[in-house]
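Top to bottom, those sequences are chains A and B. The numbering of the first sequence is the UniProt record's numbering, which starts it at 1 and goes up by one. The numbering of the second sequence is the UniProt record's numbering, which starts it at 1 and goes up by one.
Please keep in mind that the hints were generated in silico from the structure rather than gathered at the bench. Glycine included, each C-beta is placed from N, C-alpha and C at the ideal position. Among these hints, one or two may not hold up.
Chain A stretches covered by chain B per the calculated footprint, using a threshold of three residues with CB under 8 Å from any CB of chain B [what the hints assert, rightly or not]:
1. 108-119
2. 182-195
Below, computed lysine-lysine pairings styled on BS3-like, alpha-carbon distance capped at 25 Å [claimed, not checked]:
3. B/K93 - B/K542
4. B/K291 - B/K166
5. A/K217 - A/K97
6. B/K180 - B/K166
7. A/K186 - B/K403
8. B/K517 - B/K333
9. A/K100 - A/K7
10. B/K93 - B/K298
11. B/K291 - B/K403
12. B/K298 - B/K328
13. B/K43 - B/K166
14. A/K123 - B/K517
15. A/K97 - B/K545
16. B/K166 - B/K346
17. A/K105 - A/K217
18. A/K100 - B/K336
19. A/K123 - A/K97
20. A/K186 - A/K7
21. B/K93 - A/K100
22. A/K97 - B/K298
23. B/K542 - A/K186
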Amino acid sequence: MAERLVKIYPPFERFWHWGQVLLVIVMTFTGFRLYGIHEWIPYDQAVLVHTYAALLLMLLWIFAIFWHFTTGTWKHYMPTSNGLFQVMRFYSYGIFKGEKHPYRKAYWRKHNPLQAMAYLALKLAIFPTIWITGIAYLTYRLWEPAAGSGFWIEIVGNLHVLAAFGILSFIVMHLYLMTTGHSIWKHVRPMFTGYDDIVLSPEEEAYLEADEPHRIKPAE
Amino acid sequence: MISKHSLFAVGLTLALAGAGAALAQETTAPPGDSSGSTVDHSKLEALQKDFATGPEVTAACLSCHTEAAAQVKESIHWSWDYEHPETGQDLGKNNVVNSYCVAVAANEPRCTSCHVGYGWDDMNQPPPASETAVDCLVCHDKTDTYAKIPAGAGKPFGKEIKEGAKTNMGTPAQPVDLMKVAQSVGQPDRDNCGNCHFYGGGGDNVKHGDLSSAMHNPTEDVDIHMASDGLNFTCNECHVSDKHQWHGSRYNVTAKDTAGAPLPGQRHDVATCESCHDTEPHDSLTLIGFKLNSHRDKIACQTCHIPEYAKGGVPTKTVWDWSTAGKKNDEGKPFKVAGYETAGGKKKPTYDSMKGDFQWGEDLQPEYFWFDGQVEYANAEREIDPSGVVEVNMISGSQDDEKSRIWPFKVMRGKQPYDTERNRLLYPHLFGPGSDTAYWGKWDWDKAFEAGAAASGTEYSGSYDFVSTEMYWPITHMVAPSKDAVQCEECHKENGRLANIAGIHIPGANPMGPGGKLGALILLLTLGGVVIHAIMRFFGRKNMKEQ
Numbered sequence: 001m002a003e004r005l006v007k008i009y010p011p012f013e014r015f016w017h018w019g020q021v022l023l024v025i026v027m028t029f030t031g032f033r034l035y036g037i038h039e040w041i042p043y044d045q046a047v048l049v050h051t052y053a054a055l056l057l058m059l060l061w062i063f064a065i066f067w068h069f070t071t072g073t074w075k076h077y078m079p080t081s082n083g084l085f086q087v088m089r090f091y092s093y094g095i096f097k098g099e100k101h102p103y104r105k106a107y108w109r110k111h112n113p114l115q116a117m118a119y120l121a122l123k124l125a126i127f128p129t130i131w132i133t134g135i136a137y138l139t140y141r142l143w144e145p146a147a148g149s150g151f152w153i154e155i156v157g158n159l160h161v162l163a164a165f166g167i168l169s170f171i172v173m174h175l176y177l178m179t180t181g182h183s184i185w186k187h188v189r190p191m192f193t194g195y196d197d198i199v200l201s202p203e204e205e206a207y208l209e210a211d212e213p214h215r216i217k218p219a220e
Numbered sequence: 001m002i003s004k005h006s007l008f009a010v011g012l013t014l015a016l017a018g019a020g021a022a023l024a025q026e027t028t029a030p031p032g033d034s035s036g037s038t039v040d041h042s043k044l045e046a047l048q049k050d051f052a053t054g055p056e057v058t059a060a061c062l063s064c065h066t067e068a069a070a071q072v073k074e075s076i077h078w079s080w081d082y083e084h085p086e087t088g089q090d091l092g093k094n095n096v097v098n099s100y101c102v103a104v105a106a107n108e109p110r111c112t113s114c115h116v117g118y119g120w121d122d123m124n125q126p127p128p129a130s131e132t133a134v135d136c137l138v139c140h141d142k143t144d145t146y147a148k149i150p151a152g153a154g155k156p157f158g159k160e161i162k163e164g165a166k167t168n169m170g171t172p173a174q175p176v177d178l179m180k181v182a183q184s185v186g187q188p189d190r191d192n193c194g195n196c197h198f199y200g201g202g203g204d205n206v207k208h209g210d211l212s213s214a215m216h217n218p219t220e221d222v223d224i225h226m227a228s229d230g231l232n233f234t235c236n237e238c239h240v241s242d243k244h245q246w247h248g249s250r251y252n253v254t255a256k257d258t259a260g261a262p263l264p265g266q267r268h269d270v271a272t273c274e275s276c277h278d279t280e281p282h283d284s285l286t287l288i289g290f291k292l293n294s295h296r297d298k299i300a301c302q303t304c305h306i307p308e309y310a311k312g313g314v315p316t317k318t319v320w321d322w323s324t325a326g327k328k329n330d331e332g333k334p335f336k337v338a339g340y341e342t343a344g345g346k347k348k349p350t351y352d353s354m355k356g357d358f359q360w361g362e363d364l365q366p367e368y369f370w371f372d373g374q375v376e377y378a379n380a381e382r383e384i385d386p387s388g389v390v391e392v393n394m395i396s397g398s399q400d401d402e403k404s405r406i407w408p409f410k411v412m413r414g415k416q417p418y419d420t421e422r423n424r425l426l427y428p429h430l431f432g433p434g435s436d437t438a439y440w441g442k443w444d445w446d447k448a449f450e451a452g453a454a455a456s457g458t459e460y461s462g463s464y465d466f467v468s469t470e471m472y473w474p475i476t477h478m479v480a481p482s483k484d485a486v487q488c489e490e491c492h493k494e495n496g497r498l499a500n501i502a503g504i505h506i507p508g509a510n511p512m513g514p515g516g517k518l519g520a521l522i523l524l525l526t527l528g529g530v531v532i533h534a535i536m537r538f539f540g541r542k543n544m545k546e547q
């Protein structure tokens with residue numbers, strides 16, 4: 001068993017990640033302006049920026065969804081109970097005792113079971129909620145003549161804000177968990193370089209060396 | 001010999017005189033000339049006459065304009081009578097009550113000085129039958145000298161003016177030369193309409209709030225359409241007429257025009273914003289324009305584009321409390337108190353023994369309500385509920401019907417008399433010099449109500465009191481330049497302009513609704529959990545080091 005630097009975040013995934021970071025920050029800021037939490041920029045500017053950022057983000061998501069399915073990356077997010085308990089035990093107990101993280105990242109499975117579930121919930125529940133309600137908001141004029149539209153726009157607005165707070169809560173957890181490793185840099189680095197330290201079995205190492213040499217950095 | 005100096009002086013004088021003449025020409029050119037008329041009325045033989053009375057002039061007009069009087073007689077300007085097509089209620093000045101001087105009946109000669117005719121002095125009778133009773137000049141005079149005697153039932157001033165006589169506009173009366181006036185006629189301009197409509201309710205801007213003397217020559221800030229230094233619209237530019245019938249009704253308003261502008265080259269026939277600006281007035285290719293166009297479905301144009309009314313330094317009356325009328329000063333005489341001063345230093349009465357207490361306001365923000373264009377009145381046939389505030393006119397409309405939009409209103413508030421036994425608003429006899437019953441002079445409400453009831457064909461039980469009333473006046477004039485339109489955040493915030501309108505979703509108007517509260521709770525729990533987790537890690541590490 002050897003620990004090697006293996007590329008687990010290809011360029012598109014990194015671009016997707018940092019694109020989302022930027023757009024989500026912009027949309028949270030302008031969204032909270034529209035919701036009335038702050039008044040740091042004029043309302044019409046917030047409408048402009050929020051809407052165009054939303055359109056960009058939806059475009060990015062379309063590419064990301066395509067990417068997930070064409071590359072098979074979606075399989076990383078399949079929920080599993082295998083090892084879930086150990087990870088939960090680690091974060092709620094072992095981490096305070098200085099225990100080692102029970103999960104070993106594989107090059108074909110980059111998330112621990114808890115992490116995979118969290119991302120899956122984000123992608124299947126919170127993100128769709130915010131963009132379905134967001135599109136409903138943008139296109140209100142089309143369905144406004146329908147019966148009960150006054151009631152449904154309230155539901156749409158409240159769900160949209162709820163989902164926004166959900167994303168914000170996710171970001172808080174996401175940032176906090178970066179502090180739980182050896183160093184923050186060690187957690188962030190793969191999202192810049194694409195390479196992370198992965199423990200490989202001799203067979204895996206041999207396979208990568210032989211068939212996907214671009215994914216593995218030469219051993220030091 | 002002529003010195004150089006005197007030559008220079010002569011030259012300068014000539015130049016100045018020339019400039020002055022040019023200037024005079026520019027400013028005195030009557031707007032009516034723009035109608036492109038092919039007739040110079042001063043050359044017409046029928047008008048070369050020293051007219052003694054208004055009807056004589058009308059007869060001369062009718063010698064060419066044979067159908068004009070018949071057309072005018074079909075109009076609400078003449079009949080003061082309007083049967084509402086939806087509710088069937090009899091409206092028009094002949095029938096409605098208001099919260100100013102209440103009603104016309106019994107006060108005819110004063111009120112009918114703004115009737116478009118001569119000599120209508122009894123509301124129980126239809127207007128005078130004679131065709132020559134139609135007053136052509138009040139609308140078509142271009143000399144700006146024609147004025148009616150305020151208590152003359154439509155009769156104009158003559159060549160002799162009584163000392164101190166004033167016009168309905170509050171200006172000193174001038175002698176009227178009917179021949180000169182008759183020869184000047186042209187299309188109506190702002191002054192022709194304004195001389196009555198700007199002074200409704202007994203004085204400058206008292207009634208409407210958005211129609212005042214400031215509209216004779218408004219700046220663009222006061223009215224972007226009518227600005228004399230801008231588009232210079234006359235009233236008829238929007239209130240288009242056909243055979244002396246005008247578009248634009250306050251009783252049956254087109255609250256939402258879905259037809260929009262006519263096809264190119266066709267005339268527009270309604271006095272709505274959309275009849276010129278069409279139904280998608282903002283640039284749909286920009287995001288904000290698209291958003292504003294979608295506001296149009298439920299928000300009247302006026303709501304954003306008339307952020308304030310009673311502009312241009314002319315205040316409007318906002319409160320009129322009749323219950324305090326009739327006080328006398330130490331000498332036992334009626335008196336006035338001028339307790340309101342505009343920003344420009346104009347004084348306005350806040351108490352008048354004849355009328356009670358007033359309040360005024362200028363540059364006012366309208367109040368907003370759903371409005372489908374239909375208005376009903378608490379006329380004598382309607383029972384009122386005096387336990388609350390009585391609506392003198394009732395506007396209808398709601399979020400759920402297709403005709404309604406949110407409209408701006410001036411809400412006139414006050415107290416006015418009602419019959420405590422019959423629960424009806426009362427019609428006082430106010431005006432009538434020398435009369436035994438007119439309140440202005442006899443100061444006896446009972447007599448005034450008896451006479452008012454008799455004149456209006458209603459009843460008076462003999463007991464009265466004053467009830468709080470409100471009256472709604474849709475605001476549609478004094479459209480501001482687009483730079484001054486209501487900004488998004490004036491409504492999209494807590495307690496914004498539309499805060500009183502229940503049941504509508506305005507993003508930003510309700511920060512921390514249920515979704516926001518639940519979301520914030522989730523965020524706080526997350527933050528709390530993270531902090532506790534971090535503290536526990538800190539102490540865990542400390543324990544390990546100690547061991």
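For this session: Could you work out which earlier hints the structure fails to respect and list their numbers in ascending sequence?
Result: Checked against the structure, the hints that fail are numbers 1, 2, 3, 4, 5, 7, 8, 10, 12, 13, 18, 19, 21 and 22, while the rest are satisfied.
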